[in-house]
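Q: Protein chains in written order, with the working numbering: chain A, 76 to 331; chain B, 1009 to 1363.
These are calculated hints, taken from the structure and not from any lab test. Cβ atoms here follow ideal geometry from the backbone N, Cα and C, with glycine treated the same way. Watch out, some of these pointers could steer you wrong.
[To be verified] Which bits of chain A does chain B cover? Going by a derived footprint, with three or more residues having C-beta under 8 Å, they are:
id : stretch
1  : 99-107
2  : 123-132
3  : 242-252
[Stated by the list, open to error] Here are the computed lysine to aspartate or glutamate pairs in the EDC-like style, where the Cα-Cα straight-line distance is at most 16 Å:
id : chain 1 : residue 1 : chain 2 : residue 2
4  : A       : 329       : B       : 1334
5  : A       : 162       : A       : 189
6  : B       : 1086      : A       : 288
7  : B       : 1296      : A       : 82
8  : B       : 1256      : A       : 82
9  : A       : 231       : A       : 288
[Unchecked claim] Cβ-Cβ distance ranges computed for the label pairs, FRET-style:
id : chain 1 : residue 1 : chain 2 : residue 2 : range
10 : B       : 1031      : A       : 181       : 53 to 63 Å
11 : B       : 1049      : A       : 138       : 43 to 53 Å
12 : A       : 98        : B       : 1239      : 39 to 49 Å
13 : B       : 1275      : A       : 81        : 15 to 25 Å
14 : B       : 1212      : A       : 225       : 17 to 27 Å
15 : B       : 1139      : A       : 93        : 49 to 59 Å
16 : A       : 155       : B       : 1212      : 54 to 64 Å
17 : A       : 159       : B       : 1122      : 54 to 64 Å
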Amino acid sequence: MAKKKPDPFFIGWAKKPPKSLQGFLFLISAILVGAAAGVAFGVGSSIPDPGDARFAWGAGYQTFTGYVDAKPYPLLRLPAGENGRDKPHAMLISGVGKRGMQQLAGPLDGQPVDAGGILLKRGDLDMLQVGGKVSLRAAENPVQNFTPAPAEHLGKWRLTGEICDGKCYNGAMRPGVGLAHKACANLCIIGGIPPVFVTSTPLMGSEFFVLADENGEPLTTEVEDWVALLISLEGEVERRDDLMIFKVNLDSAKQL
Amino acid sequence: MSVKYVPVIWNRTKFVYDAVVLATVGAYLGIYIYVAPMFQTVTRPIDWDIYKAQAFGTCVFFLLTFILCIGPLARLDKRFLPLLYNRRHLGVITCVLAYFHVDNILGWYNAFSPINRYVSVFIVNTSFDRFLGFPFEILGVFALLILTILAVTSHDFWLHFLKPTLWKTLHMGIYLAYALVVAHVALGALQSAAGPFMTTAVGASVALVATLHLLAARKEHLFDTQQNTMDDSGTWMDAGDPKDVPDKRARIISITDDERVAIFRNGKKLSAISNVCAHQNGPLGEGKIVYGCVTCPWHGYQYRLEDGKSPPPFTEKISTYRLKLENGRLWLNVEAQPPGTYVEPTVSPIMMEGS
C-alpha cells in the first residue's frame, strides 16, 4: 500500500501548527527578522551626509558689538578682529526657535548694538541665535572708529540653487535642506528667519545668499512656494562685508 | 471562534506570531537606531529626532509592504496561510509605529514655532499644484487616518457590527493607505533625505507588491474562466468525477465570476457549501474537514457540511447547495440554498474513506 501523502493544515487555534509546516514557519520567521535587520542596516547606514552644520554649544554664550542692519533681514555688522577675522564680517541673527529678530532689530536699524547668544556654524558661515541676558540692545560701549561699509553692487545674475531658511541651513537642524525639510523651512520663514539661496556653483566664492525683494525688503509669502526646490532665480547681487544679498523678483523663478 | 467579545482571544499561535512580529520590529529599529549610525559616512549625525522619525517611518513602510504581500503569497502557496491568521495584530502594530513617526516629526520639524504644530501640517505648504514640492505630509496624514480606522475597527466586534462584506470593503482601504504612503515617501524622503539603498528598497517593495498581486490575480482569473458544462435545464452544472475530490478536502467550482462553491468529501459523503466563510470571506474550499466540520484556512471558523451551520454555541451559517450523482459524474445545482439549509449529503458508493 502506498504511503499516504502528508496533508498539513494550519488551524490558528490548534495547539501547534502541523509538524510538516513547523520548519517552514521557522524559516520564514528567521528570514523576516534577518531581512528586517539587513534592510535597517542598509537604509540607516546609507543616509546622505547632512553636512557640518551645528549649534556651537561648546563655545558657550557669546556677545558681539557692532551695528545692526534691519533690512532685508536683521544682520550684525562686525568690525575686523572679531573671532580672529581680519576683515569686517556680516552675520545673520535670529531669535530663539523659529522666530526672527525684526521686532528688536527694527528700532535699532543702523545703530551700534550689543548682541548676545549662541552661534550656529556651517563651515565659514555663521549665525547668532540671539537671546539671554544681552539679547539685542543699543551698544553700551560702541566700537570706536568703525562704521559699516556701504553695500557693493555686483551686477545682475541668474543663479541656480535651492531656497532654504537661513537658520536650519546654518545648523539648527541636520538635515536643514531638501523637500523633506520644506515644512520646517517654511515655518522658519513665516516666523521671520531669513530665506537664503544656496547655489549649486559658487559666485565670486560664495554659495550662500540672503534673499530680498528687488527693493531690498523682505520677500513676500510667495517665497514659500519655491522653498526646497531646485530653481533658478534672477536678480541683483550685492555684498555687505563678506555676506551676499540676492535681490530678486520671484516672478523670475523657474523650477529646474 | 468565540460567542462573546473579548479584547483578544489569546492562544499559543497568536503569542508566537506576535513574538516574531515584535522580534522583527525590534531588529529593524535596533539595528537602524543603534548599529547603522556607526557605519554612516557623515560629517555630523542627523538630528536624533529626525533619525528616529526615519527609523519608525521606514519601518512602517516595510511592514505595510509585508502585510500586503501576505494575501497573494497565501493564494500562490498555501504554506503562507499561517501568516494571515494574526495579520490584524501586525496592522495594529504598524499603526502604532506610524504614530511614533508622526510624534518625532511634529516634535522637531513642526515645533519651536509660534504656529501650533498640528495646525502647521495643513497650512505651511500649500503648493498643491506642484508635483515636486507637493505637501506630501498631507498624504501621510490621510494614510495615518486610514490606518487608524482600520486598527480601531480590526476587532471582531466591528466585523459583526458592519457585516463581513462592508468590513472587508472598509479594510481594502489598506491599499489606498499604501498608495498614499508610497506617494508620501516618494515626494518627501526620497527627494532629499534618503540614500540610494532606500530608493532601491522602496522601488523593489512596490514592484514586489504589484508582481505578487498580478500573479495571484492571474491564477484566480484562470480558475474563474474555466468552463463547466450545464445540463439542459440550466440549473445543474457538471462538477466532474467525484473521485477527483480528495477525502477531507474540497474541489472548488466557479459558478459565476463572483460565486464559488466548495464540494467537500468526507469519506463516501459529498456536500456542497458556499466557498465564502461568514467570518472574513475566507476561501472555505481551501480548508479541511477537521473534527467532522469544514474548517476555514484563515481563522479556523468551522461549519457542518450538511447544513452550513457552525456547531453550537456558534451562530455563523453559510449557503448550501444540492448535489446529485448521475452516470458516475457529480452534478451541482447552481441555485444556492438559504444559509443554514439542511441538504442530505450525496453518497458515492464507489469511494473508500481515506482514498
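Q: Look at each hint and say if it fits the structure.
A: Each hint tested on the structure:
1. 99-107: holds (count 5)
2. 123-132: Answer holds; 7 residues pass the 8 Å Cβ test.
3. 242-252: Satisfied; 4 residues make the cut.
4. A:329 x B:1334: Outside the cut-off at roughly 78 Å; violated.
5. A:162 x A:189: It is violated: about 19 Å lies between the C-alpha atoms, which goes past 16 Å.
6. B:1086 x A:288: violated (66 Å)
7. B:1296 x A:82: Given that 16 Å is the threshold and the Cα spacing comes to 9 Å, the pair holds.
8. B:1256 x A:82: holds (10 Å)
9. A:231 x A:288: Cα-Cα ~13 Å, so holds.
10. B:1031 x A:181: 53 to 63 Å: holds (58 Å)
11. B:1049 x A:138: 43 to 53 Å: Given about 37 Å between the Cβ atoms, the range is violated.
12. A:98 x B:1239: 39 to 49 Å: holds (47 Å)
13. B:1275 x A:81: 15 to 25 Å: holds (19 Å)
14. B:1212 x A:225: 17 to 27 Å: violated (58 Å)
15. B:1139 x A:93: 49 to 59 Å: Because 51 Å falls inside the window, the suggested range holds.
16. A:155 x B:1212: 54 to 64 Å: holds (56 Å)
17. A:159 x B:1122: 54 to 64 Å: Cβ of residue 159 of chain A to Cβ of residue 1122 of chain B: about 36 Å, so the range 54 to 64 Å is violated.
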